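Asker: Given chain A's structure and the hints, the job is docking chain B onto it.
Chains A and B, in that order, give the protein sequences.
As numbered in the working numbering, residues 1 to 167 make up the first sequence, in order.
As numbered in the working numbering, residues 1 to 384 make up the second sequence, in order.
These are calculated hints, taken from the structure and not from any lab test.
Hints should not be assumed to be uniformly reliable.
[To be verified] Distance windows between CB atoms, simulated:
no., chain 1, residue 1, chain 2, residue 2, range
1, B, Asn359, A, Trp28, 47 to 55 Å
2, B, Asn120, A, Ala82, 42 to 50 Å
3, B, Arg201, A, Gly120, 17 to 25 Å
[To be verified] Here are a few chain B residues that sit away from chain A, every Cβ distance over 10 Å (derived from the structure):
no., residue
4, His125
5, Tyr140
6, Lys296
[Unchecked claim] For lysine-lysine, the following DSS-like pairs were computed, each having C-alpha atoms within a straight-line distance of at most 27 Å:
no., chain 1, residue 1, chain 2, residue 2
7, B, Lys228, B, Lys273
8, B, Lys77, B, Lys34
9, A, Lys19, B, Lys361
10, A, Lys137, A, Lys149
11, A, Lys33, A, Lys50
12, B, Lys354, B, Lys34
13, B, Lys228, B, Lys133
14, B, Lys133, B, Lys77
15, B, Lys133, A, Lys33
16, A, Lys61, B, Lys77
17, A, Lys21, B, Lys133
18, B, Lys273, B, Lys361
19, B, Lys77, A, Lys16
20, B, Lys158, B, Lys313
21, B, Lys158, B, Lys354
22, B, Lys34, A, Lys61
23, A, Lys139, A, Lys149
24, A, Lys108, A, Lys137
Predicted, not measured: the structure shown is a model, and the values here were computed from it.
Even for Gly, the Cβ is constructed at its ideal location relative to N, Cα and C.
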Amino acid sequence: MTENIKVWPGTPLSEKDIKEKRILVTEWQPNLKYAWDAGIGYGRYFAELKKGRIVGTRCDKCRRVLLPARVFCEWCFRTVDAWVHLQDTGTVNTFSVAYTGTAAERLKEPLIPALIEIDGSGGVAIMHLISEVDPWKVKMGMRVRAVWKPEQEREGAITDIAYWKPI
Amino acid sequence: MQRRVAVIGIGYTPFRPISPDLSFKEMMFEAAQKAYEDAGVCPRHDIDAFVTCEEDFTHGRSIFNIHTPDNIGAVLKRIHTLPAESLYGLADAYMLINTGLVDVMAVESHSKASNMLTPNYLIAHAMDPVYNKPLSYNPYFIAGMEMNRYMHERGVTKEQCALVSVKNKANALLNPEAAYGDRISVDDVLNSEMMFWPLSRLDMSSPADGGIVLVLACEEKARILCDKPIWVRGVGWCSDAPSLETREWGEAVYARLAGEMAYRLAGIEHPRKEVDFAEVDDSFSYKELQHLEALKLCRSGQAGFMVEEGATKREGEFPVNVSGGSLGVGRLDEATGLQKVLEVVLQLRGEAGKRQLPNIKVGLAQSWRGLPANSGAVAILSNE
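With the rest of the complex left out, here is chain A (with noise of 0.2 Å):
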């Protein structure tokens, strides 16, 4: 601590000064709404989600299943050449355990994100949730299967899925 900040200690500043507005405060919300076109590749992976099935895409270049649906594949930078239907089976590649929403909130019950290696598909993963399982138990090879939601409660969404469990 230099000799100044002993003579001028200064003033600090509380969030009540912010909150009766005696420093200069301006707040605005911005109001941006937006929509997503799915196009032909997210389209047809949403329909299909919603029929209860994990649809993929394959090049026939690379030799690779690509997951999320899409049209190109980004290697080989060309059009894919057939869709391919998929298990609801898979493997846990990685995972966390999240205890904190985005809002910084403490979450009583963890979420545990995990990205799924789909069985058959020379792995592919699909991004997802795992749940039915104490947090503690949740290990890289583990054997999952999706828990999919009621055929009238599907609206063409990656929650069709409502997560993955342990087989």
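Answerer: Here is chain B on its own, set in the frame of chain A:
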């Protein structure tokens, strides 16, 4: 080492008010695939660097640059994203190639304007939060004020401005990619809904969706890859002070200075004599006139007479916005500048179809960042 730079490939999707058939990824892919096919290059092997031009807020995604590489073949390659008007992307590619850092580079920009559901609020969000935002005006008033001052200073009439809309919408009828082609009269414009006096509804462009990709190369590569390289002879860009209180309202100073830079690089001393045609920003009808004067493509105060005499028509002595401009094609957000370049390249290649101009050698493309900005860029292109 100063190297010449050429556009060797162009690709684009049609410009339409909505585009639900394509996600933005598919739109970028389609435009890129066409451009690479046109240039005869594989992005995975032949393109050294990429630049995309998109603004997070218009696309509704923060950190939008992370979503761009895969769609244009740039995964694990050199790519950067400008949250700026797309002519700045062209200027980036020009600099990187001109200085010898890269040989072949792609420039991308696209608009999904139809996906932005509250566009007026988006522009309002660009205003100064302390001085201007609390006044709560629809920010298009800025265009009304600017038009008012410009008309006052240069003696331009509302009828002359209306003629720009009439001309550009008619031009767009010959452009199969344009969204807003129409045959209208001056009276139609004058009698259209009054928006922000003196700005009427038909003085204003409407948004459109669409993607554009250009491939640029150094002279050595361009000569090998392309039999019709279109040379980028000069680029320029400029930003005025942002504040509404201190900016210049009558003259488009940013366009004048950007133009001067581009003319200097291109070795052009008499723009009106040495440039054959231009695609200038016409987001609002008066903007075309204001920009023509700023770019010295007519004498100060003469732009109104020029449009009145028909000199800027397709068959006139100095055609302006033959593509239909933003009034006829639709305003493509950040991609607007690349649409101007696209038209100049098509014309210089002789590939502009029914709207092809005869005997042209040098074309100018100019962009404006859009409300409430007063910045923009210029590119001068030539087929020899």
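Asker: Next, verify each hint and record whether it holds.
Answerer: Cross-check of the supplied hints:
1. B:Asn359 to A:Trp28: 47 to 55 Å: holds (54 Å)
2. B:Asn120 to A:Ala82: 42 to 50 Å: For Ala82 (chain A) against Asn120 (chain B), whose Cβ atoms are near 44 Å apart, the range 42 to 50 Å holds.
3. B:Arg201 to A:Gly120: 17 to 25 Å: violated (57 Å)
4. His125: violated (4 Å)
5. Tyr140: holds (16 Å)
6. Lys296: Consistent with the label, Lys296 (chain B) stays out of reach of chain A, its closest Cβ about 39 Å off (over 10 Å).
7. B:Lys228 to B:Lys273: Holds - the C-alpha atoms of Lys273 (chain B) and Lys228 (chain B) are around 24 Å apart, at most 27 Å.
8. B:Lys77 to B:Lys34: Within the cut-off at roughly 20 Å; holds.
9. A:Lys19 to B:Lys361: Measuring from Cα to Cα gives roughly 64 Å; hence the hint is violated.
10. A:Lys137 to A:Lys149: Within the cut-off at roughly 24 Å; holds.
11. A:Lys33 to A:Lys50: holds (25 Å)
12. B:Lys354 to B:Lys34: holds (21 Å)
13. B:Lys228 to B:Lys133: Not OK: Lys228 (chain B) and Lys133 (chain B) at ~49 Å, beyond 27 Å, violated.
14. B:Lys133 to B:Lys77: Distance ~41 Å between Lys133 (chain B) and Lys77 (chain B) Cα, so the pair is violated.
15. B:Lys133 to A:Lys33: Satisfied, since the Cα-Cα distance of roughly 19 Å is no more than 27 Å.
16. A:Lys61 to B:Lys77: Between Lys61 (chain A) and Lys77 (chain B) the Cα gap is close to 20 Å, so the pair holds against 27 Å.
17. A:Lys21 to B:Lys133: holds (18 Å)
18. B:Lys273 to B:Lys361: holds (12 Å)
19. B:Lys77 to A:Lys16: It is violated: about 50 Å lies between the C-alpha atoms, which goes past 27 Å.
20. B:Lys158 to B:Lys313: holds (18 Å)
21. B:Lys158 to B:Lys354: Violated, at roughly 30 Å.
22. B:Lys34 to A:Lys61: holds (20 Å)
23. A:Lys139 to A:Lys149: holds (25 Å)
24. A:Lys108 to A:Lys137: Holds, because 17 Å separates the two Cα atoms, which is no more than 27 Å.
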